[in-house]
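We have chain A; now place chain B onto it with these hints.
As a plain string of letters, each chain reads:
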Amino acid sequence: MLAEVAFTAPHVDFAALAPEIVLTAGAVLVILLDALALDKIKPFISIITGATLLGAMIPILWLANNGVDRSLFGGAFVVDNFALLLKAMFLLSGYVVVLLAMNYIAEGDYWESEFYAMMLSSLLGMVVMCSARDLLTIFVALELLSIPAYMLATWRKRDLKSNEAGIKYYLMGVFASAIMLYGMSLVFGASGSTLLTDVAKGLSGDNVRPTAVVGILFVVIGFAFKVSAFPFHAWAPDTYEGAPTPVTAFLAVASKAAGFVAIVQLIYVGFGTREDVYQPLLWVLAAGSMTAGNLMALRQKNIVRLMAYSGIAQAGYMLAPLVVAGNDKVGDKPLQAIVGYLVIYAAMNLGAFGVIMAVARKTRSAEISSFRGLFHYAPALTVAMTVFLMSLAGIPPLAGWYAKFQVLSALISAENASGVAMGILVGVNSVIALYYYGTIARSMWADDAPDGDLTPVRVPPALVSAIVITAAVTVVFGVLPQAIGHFTNGGLLAIGG
Amino acid sequence: MDFLETWGISIAVFVPVIGALVVMLIPKSWGEDLYKQVALAVSLVSGGFGIAMLVNFNFDDTGRLQYLVDKKWIEAISSRYIVGLDGISLPLFLLTLLIVPLCIIYSWNHFPEPHNPKALLALILLLETGMLGSFVAQDLILFFVFFEVVLLPMFFMIAVWGGEKRQYASLKFFLFTLFGSALMILSFLAMFFLADPHTFDMRALPTALQGVALSTQVLIFLGMLIGLGIKVPMFPFHTWLPDAHTQAPTVGSVILAAVLLKLGTYGFVRIAIPILPAAAVKVAPLIGVLAVIGIIYGALGCLAQTDMKRLIAFSSVAHMGFVMLGISTLTQFGINAAIFGMVAHGLITGMLFFIAGSVKERYHTLEISKLGGLLLDAPKMGWLLGLCVMASLGLPGLAGFWGEFPAILSSYSPAHGLNVELYRIFMVISALGTVLAAGYLLWLLQRVAFGPSKSHGDGHEQIHDMHVSEGLAWAPLIALIVALGVYPGIMFKSTDAAVAKSLAACLVDDKGPTCPELADMLHAERGK
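So the protein lines, in turn, are chains A and B. My numbering puts the first sequence at residues 118 to 614. My numbering puts the second sequence at residues 2 to 529.
Next comes chain A alone, as it looks inside the complex:
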């Protein structure tokens, strides 16, 4: 690639880039409107943002219907079913986050239109990430999605905790980026290319160069920070607690998912033949994340911190199937398991944050004890929260069971000790996790409300629709998992060039 001297303009397939173009236009529009017609337009900014996200869905649906895999810029940017499904997931998660944020941001004296512009550009980075099949594209997408997220985390400007959240997230994030970039340069040095398909060719063979080993490890570790995997998880609880809750939901779902998308692409397209290098690392990351996350979650008193630790554990479950990736018998099962898990996780986790925000509107607290006796004054919210918590715990017939089932299925299909051991670990961890999910659920249903205060919670319509959408997805995907299998099954390995 670098050898080319004469510049020829690449052929650009604009249809393939349409979702990104719509998002860019939306972000620019939001900023311009804000600059030109400040106060008049303010109430409509969130609606414009939502419309942009749904508008970007149109080309995605068209592309999916069209069914042709498209490859741009010499294979660095690929639009296939895998990319389209995940882009759709990011856009819809973004839409739900807008619904969550609408009242929170409007009522809380925040910079409003900038918030949405930041979110759009972060989502743009995520959407690009789904198509990135080149080390540089991956890095650019990562920075595009991360930098706005750093700022969003500090959005409660006058709150010290929010500042702490943002700074911690920022320092950890750039540290991870640096490690990753160094790793990428080593991988480039060892394989002679930044294009993932060529990296795969360069790395294959009986002997692996030490530089390649270090490179692969550094790149994976860089993303381990992003997905808050143990032992690189320390930033997550503080950042989640300090950031505004809608932003926390955004970080916990979309930003984490973007990290996984990158890891999956790197491993399946780029490092695929080097399972001897990445499997042991991922074993440690997965086992450590789920065990440490669950054990620390047991001790939490704050629901957002609890969700942070539960998110670390969930990241462990999602990393687990990669432990057997690259084995002959397994095929693309880990890939399907992770993609399915990401979609289901987005629904159930966003829903849980929706209920947390709705309850906090009344209690003004994020303590777990503020959920006591919720059933007595907000039965609908209680049922919804129970659905989300039990789905996170993996109880059928809620979607979480299918997510976990696919992980186990991938692990057992390897028919080796490492897979079975990891499977048992996932099983044991599910039981530990049930303890804290179950404790919250029980306390909502069985305890008395604090101070006998039974005034109902007033939930704004946007929040209601966010909770209803996520709850519906959580139940439907649980009863009819085929709905999701249909997407993840189709032509996923058309990945690559």
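Note that these hints are calculated values from the structure, not bench results. Among the clues, some could well be false.
[Stated by the list, open to error] Rough simulated footprint, nothing fancy, chain B against chain A, three-plus residues with beta-carbon under 8 Å:
#1 514-523
#2 559-568
#3 576-588
[To be verified] Only pairs whose alpha carbons sit at most 27 Å apart, straight line, appear in this in silico DSSO-like list of lysine-lysine:
#4 A:LYS318 x A:LYS446
#5 A:LYS446 x B:LYS73
#6 B:LYS37 x B:LYS361
#7 A:LYS479 x A:LYS159
#8 B:LYS173 x A:LYS418
#9 B:LYS166 x A:LYS418
Nothing here was measured: the structure is a model prediction, and the numbers come from that model. All C-beta atoms in this analysis are idealised placements derived from N, C-alpha and C, irrespective of residue type, glycine included.
Frame of chain A; chain B shown alone:
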């Protein structure tokens, strides 16, 4: 007819969950009675389909799955929606359909604190769908999903409507069972990937798994042993049961005892043994040992209890021990006895928990030392308690006998390949268990029903004998306890051929039938 053939099971299984949604959506202002009427109607509709299927059931061909439905479900993991009824599932399916309406009738006028009939009824109906589904599912994943659906309603039932230590008991129940499920699903997955061709279909798995190494089969079987054994509950995994039973509200205890525990034993009969017969032969002695320990340990535990409900709960451990002993013989005779034992235990222990609930409501305590003179205060209830105690200790002529006695007898001559001496030892020990059972049950009866009334003279209100709702709820159970005791053949007729078919893999490998003399005995019994 065709309608019943293709839709019967699905309607019976899913009508309750629809009913649960309806109950949840009825606004409070329409009155409390409406919830109860809707819930009862729903469970009766479901029961009506059950009876229609019973009437049209072909009893000459109980080994075949009838009302079979086989449709696409989750293609991505090649799991299918396969439901069907054969002679093994039919009695348990009907037991569930019977118990749920009775529980709703029983609760009619006395919902446990904190009241809220709407939520409790919705949970009972949700529970019904899970239980019914588990007994008809013929696909491992479908079975697993239904098996798990049962957990949540039961968890909330104990956690919200339970006794003082409900918080501890509900979570303990939940965590124990989920741990079992986790191991169970791993075993299911292992079977799926080892099967050739890959399948979750219980009908196809026995042949599909024939080529698997015995050591692997044993490992998978052990996974299921723990998963299902927790639910039964078998000896080392039983500790959740006394807590859950003692703390659960009356209807919760009844459903738990009558149906939920059977999911575990049913799993052995339906899944573990037919699919992995060779591993079953290897592991059976272990099951037998645990079963016998359960019988003796449960009985000794009973003798030490001071709480009536806890005593009945421990007696469940002992009774399920007899069921597991019957299963561990791997003979047609033993497994027939086990299935009879499941149904009999469901009826009798369900009844005992009903009575315990009513006693608690009247005396506000279940401390045995504070009870006494039930026969004087409430003679009808006192006599019913007497009858159930007799049935539970295995008096011939009542249902309990046919579960216990043949199970002991079957261990005289276990299946080919099992150590006969060992099983004879089991037989002797388990026979001692029946003596202990008579001991603790009669002692319970003596302390609760006989003697002077302890409620008079210290300002207690007059003790009311049976209410109409109690009478209505209990009559069918009592009738069945007596009917099955007098004419057990009616059940063996349903189960026998199906058991023979499920054991086919064990029997074919042997040189001839496992224990001809006992098979003859069974035949003679059926011929009468």
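How the hints compare with the structure:
Coverage of the stretch 514-523 of chain A by chain B holds [criterion: at least 3 residues with CB-CB distance below 8 Å; count 5]. By the rule of at least three residues with a Cβ nearer than 8 Å to a Cβ of chain B, the coverage given for the stretch 559-568 of chain A holds, with 3 such residues. Three residues within the 8 Å Cβ limit are the bar, and the stretch 576-588 of chain A against chain B gives 0, so the coverage statement is violated. Note on LYS318 of chain A and LYS446 of chain A: the hinted pairing holds, with a Cα-Cα distance of about 21 Å set against a maximum of 27 Å.
Straight-line distance between C-alpha atoms of LYS446 of chain A and LYS73 of chain B comes to about 25 Å, which keeps the hinted pair within the 27 Å bound. For the hint pairing LYS37 of chain B with LYS361 of chain B, the CA-to-CA distance comes to about 23 Å; that is within 27 Å, so the pair holds. With a CA separation close to 26 Å, the supplied pair LYS479 of chain A and LYS159 of chain A stays within the 27 Å bound. Restraint check: the Cα-Cα separation between LYS173 of chain B and LYS418 of chain A comes to about 21 Å, which is no more than 27 Å; the hinted pair holds.
Using a Cα cut-off of 27 Å, the hinted pair LYS166 of chain B and LYS418 of chain A holds, with the two alpha carbons roughly 22 Å apart.
In this structure, only the earlier hint numbered 3 is contradicted, and the remaining ones agree with it.
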